[in-house]
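Using the hints, position chain B against chain A.
Residue numbers (the working numbering), protein chains in the order written: chain A, 1 to 466; chain B, 1 to 466.
Some hints could be false.
Because identical chains share one entry, a pair is satisfied inside a single copy or across any pair of copies.
As the list claims (entries may be wrong) - Here are the simulated lysine-lysine pairs, DSS-like style, with alpha carbons at most 27 Å apart: (1) K98 x K33; (2) K67 x K33; (3) K204 x K13; (4) K13 x K86; (5) K264 x K98; (6) K271 x K351; (7) K364 x K375; (8) K264 x K13; (9) K67 x K98.
None of these hints come from the bench; they were simulated from the model.
There are 2 protein chains.
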Amino acid sequence: MTYAPVTDVLSGKLAVDSEITVRGWIRSRRDSKAGISFLAIYDGSCFDPIQAVVSNELNNYQEEVLKLTTGCSVEVTGTIVASPAKGQDFELAATAVKVVGWVEDANTYPMAKTRHSIEYLREVAHLRPRTNVIGAVARVRNCLSQAIHRFYHEQGFFWTSSPLITSSDCEGAGEMFRVSTLDLNNLPLDDQGNVDYDKDFFGKETFLTVSGQLNAETYACALSKVYTFGPTFRAENSNTSRHLAEFWMVEPEVAFADLNDVAKLAEDMLKYVFAAVLAERRDDLEFFASRIDKEAITRLEQFVNADFAQVDYTDAIQILIDSGKKFEFDVEWGIDMSSEHERYLAEEHFKAPVIVKNYPKDIKAFYMRLNDDGKTVAAMDVLAPGIGEIIGGAQREERLDVLDARMIAMGINPEDMGWYRDLRRYGTVPHAGFGLGFERLVSYVTGMGNVRDVIPFPRTPRSANF
Amino acid sequence: MTYAPVTDVLSGKLAVDSEITVRGWIRSRRDSKAGISFLAIYDGSCFDPIQAVVSNELNNYQEEVLKLTTGCSVEVTGTIVASPAKGQDFELAATAVKVVGWVEDANTYPMAKTRHSIEYLREVAHLRPRTNVIGAVARVRNCLSQAIHRFYHEQGFFWTSSPLITSSDCEGAGEMFRVSTLDLNNLPLDDQGNVDYDKDFFGKETFLTVSGQLNAETYACALSKVYTFGPTFRAENSNTSRHLAEFWMVEPEVAFADLNDVAKLAEDMLKYVFAAVLAERRDDLEFFASRIDKEAITRLEQFVNADFAQVDYTDAIQILIDSGKKFEFDVEWGIDMSSEHERYLAEEHFKAPVIVKNYPKDIKAFYMRLNDDGKTVAAMDVLAPGIGEIIGGAQREERLDVLDARMIAMGINPEDMGWYRDLRRYGTVPHAGFGLGFERLVSYVTGMGNVRDVIPFPRTPRSANF
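So here's chain A without its partners, still in its complex pose:
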């Protein structure tokens, strides 16, 4: 018995007349008056199901085949034949249909054939990968992840893992989750009556990290080019379509690099992974273009061929002021641009991806390199048409005295950051990096409007099911 993934049959990889077995789940069954049934069998290996043509001469035709409903699992053996049907080149002339698993009650099966709202699908996150839309998301998500690893590997980067549990809480990127093994109903207290974290698992307060960057810097200052790709956390009570409490981040960090170097790296990386998904997941992209967002393919094609614009924050603010456009949030030098501003720049003014550079120091983190003007830091955001900010990065402050002054100004005790300061005490180098929110990338590629639908099991305020 030769088992074949559906993709190998539909792509023509297997010869016509081969006898094979496909295994998967019934998407639909259609019966003709002539005593032939058409089964659409989906195994997830590609977007399309394969059509199996089943004759009523099969032993179990009446008893089983005619009772198959959406979601039943089957093994269908048959011969590959050229298909007369539209939209597929090959189909299976079935010689045997083995039912592996029935659906308990077709009428109450949560994934029965009718279309479901995307909000309903979130309630059944354990079954939603069986749908067209979430299956396509999963394949695109995989394709993007593989392309990211491949890109960095080819560029000589080393994947490194930053710790998830951290005792450092001064990165300031957001609220943090506490990690503890203390018994909350019986907390150990110290002499002052405060919780005694010395009794906790790590002997001190620990949290889930908001970014792997500071740790990645230690490896960049030894191996030159590294990147992380792992989960990060925000305990922010944000119920928006763009926020998750747990999400994946890609964070490259490069020694002997300045802001312009990582701006180029960001552009190269995005174009590389978009080109990969255009080449490898055309089937899924076509679905997104037809059902979710008609720009899904053209947006990527334009991005890959676009000349990125670059603009200083100060000039970008002037462009927004000069636009004469009425924004919800007022524009003046010093603001943290909001999505409407970012999208105006990318979509209306530059009509291309834009890298905005050199932001006011007061709206950026302590570790970003102070520019010579004393007012701005070497930070950048990559803004993409259709979504706004997709990447944020910076050159890091490599000068110990400037770093210390910035920490003190921002209320961080340099002594708490001894290990981070050491990188500047011993063979310091200019270095830079950026962070890419992976779910925002998947959302951008698929056109899915809510990041909750591009990660298998989203974690958001009051929601951690499954």
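Leaving out everything else, chain B in the frame of chain A:
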């Protein structure tokens, strides 16, 4: 100016007589009486530093070059020449040495040139990647991770992410860390005076996951072949060389697969990734073989060429009993084998990697498929010579009635596992998978005896620094 990674020079990728600039950190400086200095410059791109030959005719020779110490960062421009020195084919005839960053005080630099104990290096985990040994670990770790992604991608698997924060605590693989945003010094209480988790971020008790498997099963039952590669957690107070509180796991899960299918998958995967590291990181492996574990290379070569043995648990127990060997822990049917038993089987009896199959149900998890004998489950462990268990896996129980009975017998309320049961109610399929502890794999390949030295920032009881 052409910047070149050291690896491109030493591998001969760049032509002799090319003028290039390398950027990195001084490993050592040696001065000849003739007024020439030899700088060993390391940039992490490969194991070896490049030698730069610096003449005293350079402007800054007296003022700077002669003051360079281990750890200083430099940019050295020069011409690639064939090297007369042993152990390297190429070196750099320097025309300029630019000092980028000094070392604050060479005498107190924690990574000064003398050799350090591996325990000391853990105390300075932010600087230890600058050493030969931890740099080599980082490159091998990257190589293994890239090879794992490549292997599964080529085999048609989709990478999927399991959630890290979970409200499900019944997997039973170990103690869990609580995740919370409650203020421990001011806990909200309910009517009964217990902690009111409804006020917590997720509206209920949540923990860090011990395994992504159950979630991965939901995707395997839709896309057929998936794998996770992400962090998992154990809040066990184990201070051993094999345990971390936070570690990375690789968990493939395959629909329409039985135990034998995933036994083969495990063998194929291990051989694939070992072959990759033998081909791609020979430089680092040679270092491990010379300094850490003289079997480092031969062990991998033998593994790649080995015929795996397979043995039933019941037969393995008999082999141990018949061996006449005195073990610390007594051998009888029903025991959970300890490391001494596993290593005897792999190293002395079979002298090859061994897959032990069909373990007693009482020592295994509820989700493993009950065999027809009613006593054992379709579980497997892959035992490797030199380390013992490296992979644990199982065929999953796909029969709803058997699964329910097992859950009840093990004190798990089936109602709490509604989503997991749904996979068996709707188009259930035989499926199987396994888990590979990534740090144990890196430890096995490098010969590093403690998993704390193969992850950048290890988390263990009372230790979560950096």
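To see whether the hints hold, each was checked on the structure:
{"no.": "1", "hint": "K98 x K33", "result": "within (23 Å within a copy, 84 Å between copies)"}
{"no.": "2", "hint": "K67 x K33", "result": "within (16 Å within a copy, 92 Å between copies)"}
{"no.": "3", "hint": "K204 x K13", "result": "neither (58 Å within a copy, 50 Å between copies)"}
{"no.": "4", "hint": "K13 x K86", "result": "within (19 Å within a copy, 52 Å between copies)"}
{"no.": "5", "hint": "K264 x K98", "result": "between (54 Å within a copy, 25 Å between copies)"}
{"no.": "6", "hint": "K271 x K351", "result": "within (16 Å within a copy, 49 Å between copies)"}
{"no.": "7", "hint": "K364 x K375", "result": "within (11 Å within a copy, 62 Å between copies)"}
{"no.": "8", "hint": "K264 x K13", "result": "between (38 Å within a copy, 24 Å between copies)"}
{"no.": "9", "hint": "K67 x K98", "result": "within (12 Å within a copy, 78 Å between copies)"}
Going through the hint list in order, the structure does not satisfy hint 3, though it satisfies all others.
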